[in-house]
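Engineer: Throw the hints in and build the complete structure from the sequences for me.
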Amino acid sequence: MSSVLQLKNVHKAFAGVPALAGIDASLANDTYVSLLGPSGSGKTTLLRVIAGFEQPDSGEILFSGRRIDGVPPHERGIGFVFQNFALFPHLSVAENIAFGLTNRAVDPVTDAKVVAGRVRDIIGLVGLSGLEDRATTQISGGQKQRVALARTLVTEPSMVLLDEPLGALDANLRMRMRGELRTIRERCGVTFLHVTGSETEALAMGDTVLVLDAGRIAQSTDADTLYSRPASADVARFLNCYNIFPGAVSGDAFASPVGALALGGVKQTSGNPAYAIRYDRVAIRPTDAATADDEVRIEASFVASEYSGAAINSFFTLDDGRVFEVETHLSHAAPATYEEKGRYALVWKREDALVFV
Amino acid sequence: MTMAATSHDTPVETAERPTRKQPDRTFWLLAPGALWMLLFLVAPILMMVYVSFWTQTTFKIEPTLTLKSWITFFTSDTYLGALWTTVRIWLIVLVSTLLVGYPAALFVGLFVKNKTLSTALLVLCVIPFWTSFLIRVLAWRPMLGKEGAINMILMKIGVITQPIEVLLFSELSVIIGMTQIYCVFMVGPIAFMLGRIDPSVIEAAQDLGAGFWRIFRTIILPLSMPGVVVGAIFVSVMVLGEFATSAALSGRKVNLLGNIIVTQVGSLKWAFAAVAGVVLTILMGAVVAALLRVVDLRKEL
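Chains A and B are the protein sequences, given in the same order. Number 152 in the working numbering belongs to position 152 of the first sequence; there are no gaps in the numbering. Number 152 in the working numbering belongs to position 152 of the second sequence; there are no gaps in the numbering.
It is worth saying that the hints were derived from the structure and are not from the lab. Do not take every clue at face value.
[Said to hold, decoys possible] If you want the ones that stay clear, here's a sample from chain B, every Cβ over 10 Å from chain A, calculated:
#, residue
1, Ile-157
2, Asp-198
3, Val-201
4, Asp-207
[Unchecked claim] In silico DSSO-like pairs for lysine-lysine, Cα to Cα no more than 30 Å straight-line:
#, chain 1, residue 1, chain 2, residue 2
5, A, Lys-267, A, Lys-144
6, A, Lys-144, A, Lys-113
7, B, Lys-253, B, Lys-113
8, B, Lys-269, B, Lys-253
9, A, Lys-144, B, Lys-299
10, B, Lys-115, A, Lys-144
11, B, Lys-60, B, Lys-299
12, B, Lys-60, A, Lys-144
13, B, Lys-146, B, Lys-253
[To be verified] So, partial list: chain A residues that the calculated Cβ filter (under 10 Å) puts toward chain B:
#, residue
14, Gly-70
15, His-74
16, Thr-152
Here a beta-carbon is modelled for each residue, glycine too, at the ideal position from N, C-alpha and C.
Structural biologist: Rendered as structure tokens:
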């Protein structure tokens, strides 16, 4: 697949504080890309640099093979959907959508019939039929989201940037819009770059997920690989599904604050040595239960558990005070009850652990 | 405006919360304002209308009703001339305060991103008001006069050889003085409305491909219209009632309705003064009503 957007060593600092510290990325044509990063990782800055609202300090941005750093936003042909939608408050739904077609500096559409036709098509595509003449104050959050998207899509951009597009919606609507955004994108055939701070959203939406950490792309891969093989302990931490121990490899074990953990799983090279085990790969057993040869065992005290329907998350404190989380799926077993402050053995297979060296 | 809004909102409030105390409180909250308006606004206006029909002789005025003062007003070139001058100066000052004020407001309200700085700049606009009105007006004399600062500078740098006499004691000087004094009333409301525009709305328009002038015409200008209308109402009401600036800067060459009233009251011609007053009041009412038609302020603010 050809790439629509390429970033080469892009740097940007605000008052000496680096926000982007050498971004290298390549976004494929006709895909849904999600950009995951904790707050302050530079997500919004990266998006604004791509859109042209901010100028990079150094580096190159290539869009369809053409260098666009230095080109003003209105000549880039990149759509931007704002977190707060940024609809024009004095214009109706249809007028908001038609704005780009009639007012753009490059190749504006002057024929009112053509404008009306294209606005009607896009209103049908995003599911806003019947609301054309409403004021933007008279529609719901989900409808505003659709207007914001339609307003951008009608100009036929080669790429759409979405800045936390679901952040302003309630949970129920957010789930529904996830599916709709993907469907709308498939129908238009353009690349969406969706910025989010939610790992579930990033994994659910993206054909490709980019993880941004401290102004750098920490990993760029598909959702499955990202979830099961995060490239570093930091990436694993954002995914919010790994227990992570610092320490170092010594011999055939990983020396961690809670003792030596036998090696056996995948070893990956990253700057920061760490040992990571997924919440749902851990079994909770009584302390006197037997341990197999290929298993790793630590002991901990039970604190509390949190029931979330399909799974239950149990929290333990290790001997060094660290919190350890275990996720047990309830599809095959009824939830077990654990005694508060009771000692339990936490056991996992050696090969399930990720070791970063 | 305040009165209209209050009386409009009250029934809704009562309907939602039908407590026994509500109408009572509404009455007491409204009473002082209503009483004040009745005694010092409505009653004097009615009195003014009444007096305009009294019989005026050279030395005294009698409450015998007659149309004489009205006929004199509308057949005299002096009075009709003053009415026309008032309207002309008002329009010119309105346009010039808008032309000078809008760009300033655009800078303060939109281009200055720092809130503290934009507040500081607005305070700078108000600094001339720390001196008295009369001083502000009279300060234009050494500026515009035949041997004033502007003529001196222009002659020194050789742009002109003879001083420009039209600068002072002319309609031009009245317009310059009024524009300077009333401009800030235009800048304030417009800067306020511009400051309320969400910056991402302008970025969205940029992203959709619109250049600066397009965005100005289609987004910024319409969103700032309520500010323009409020500013225009301030400026209009004050300029239409003006007499001091024209008295101080025109050398009695420019007679506004306000100046007519002052002269007539000075010579105890109460009936003529009342006619001019009624005409001025109707004019102001019409101007404000027309301006309110431009934008539905209650919806926009």
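Engineer: Can we trust that Asp-198(B) is non-interface, i.e. its beta-carbon lies farther than 10 Å from all of chain A?
Structural biologist: violated, 6 Å
Engineer: Against chain B, with CB atoms and a cut of 10 Å, does the hint on Thr-152(A) hold up?
Structural biologist: holds, 7 Å
Engineer: Report holds or violated for the interface hint on Gly-70(A), using the least CB-CB distance to chain B and a cut-off of 10 Å.
Structural biologist: violated, 15 Å
Engineer: With a cut-off of 30 Å on the C-alpha distance, tell me whether Lys-144(A) and Lys-113(A) pass.
Structural biologist: holds, 25 Å
Engineer: If you draw a straight line from the CA of Lys-269(B) to the CA of Lys-253(B), is it 30 Å or shorter?
Structural biologist: holds, 21 Å
Engineer: Hinted pair, alpha-carbon criterion (30 Å max): Lys-146(B), Lys-253(B). Please report holds or violated.
Structural biologist: At roughly 17 Å apart (the allowed maximum being 30 Å), Lys-253(B) and Lys-146(B) satisfy the hint.
Engineer: Are the Cα atoms of Lys-144(A) and Lys-299(B) separated by 30 Å or less?
Structural biologist: holds, 20 Å
Engineer: Could you check that no beta carbon of chain A comes within 10 Å of the beta carbon of Asp-207(B)?
Structural biologist: violated, 4 Å
Engineer: The hint names His-74(A) as touching chain B; please verify it with the least Cβ-Cβ distance against 10 Å.
Structural biologist: holds, 5 Å
Engineer: For Val-201(B), which was marked as not at the interface, is the minimum beta-carbon distance to chain A over 10 Å?
Structural biologist: violated, 5 Å
Engineer: Taken at face value, is the distance from the CA of Lys-144(A) to the CA of Lys-267(A) at most 30 Å?
Structural biologist: Between Lys-267(A) and Lys-144(A) the Cα gap is close to 47 Å, so the pair fails against 30 Å, i.e. violated.
Engineer: Just checking, Ile-157(B) versus chain A, shortest CB gap more than 10 Å?
Structural biologist: It holds; Ile-157(B) is separated from chain A by about 40 Å at its closest Cβ, greater than 10 Å.
Hint compliance for this structure: hints 2, 3, 4, 5, 7, 11, 12 and 14 are broken, all remaining hints hold.
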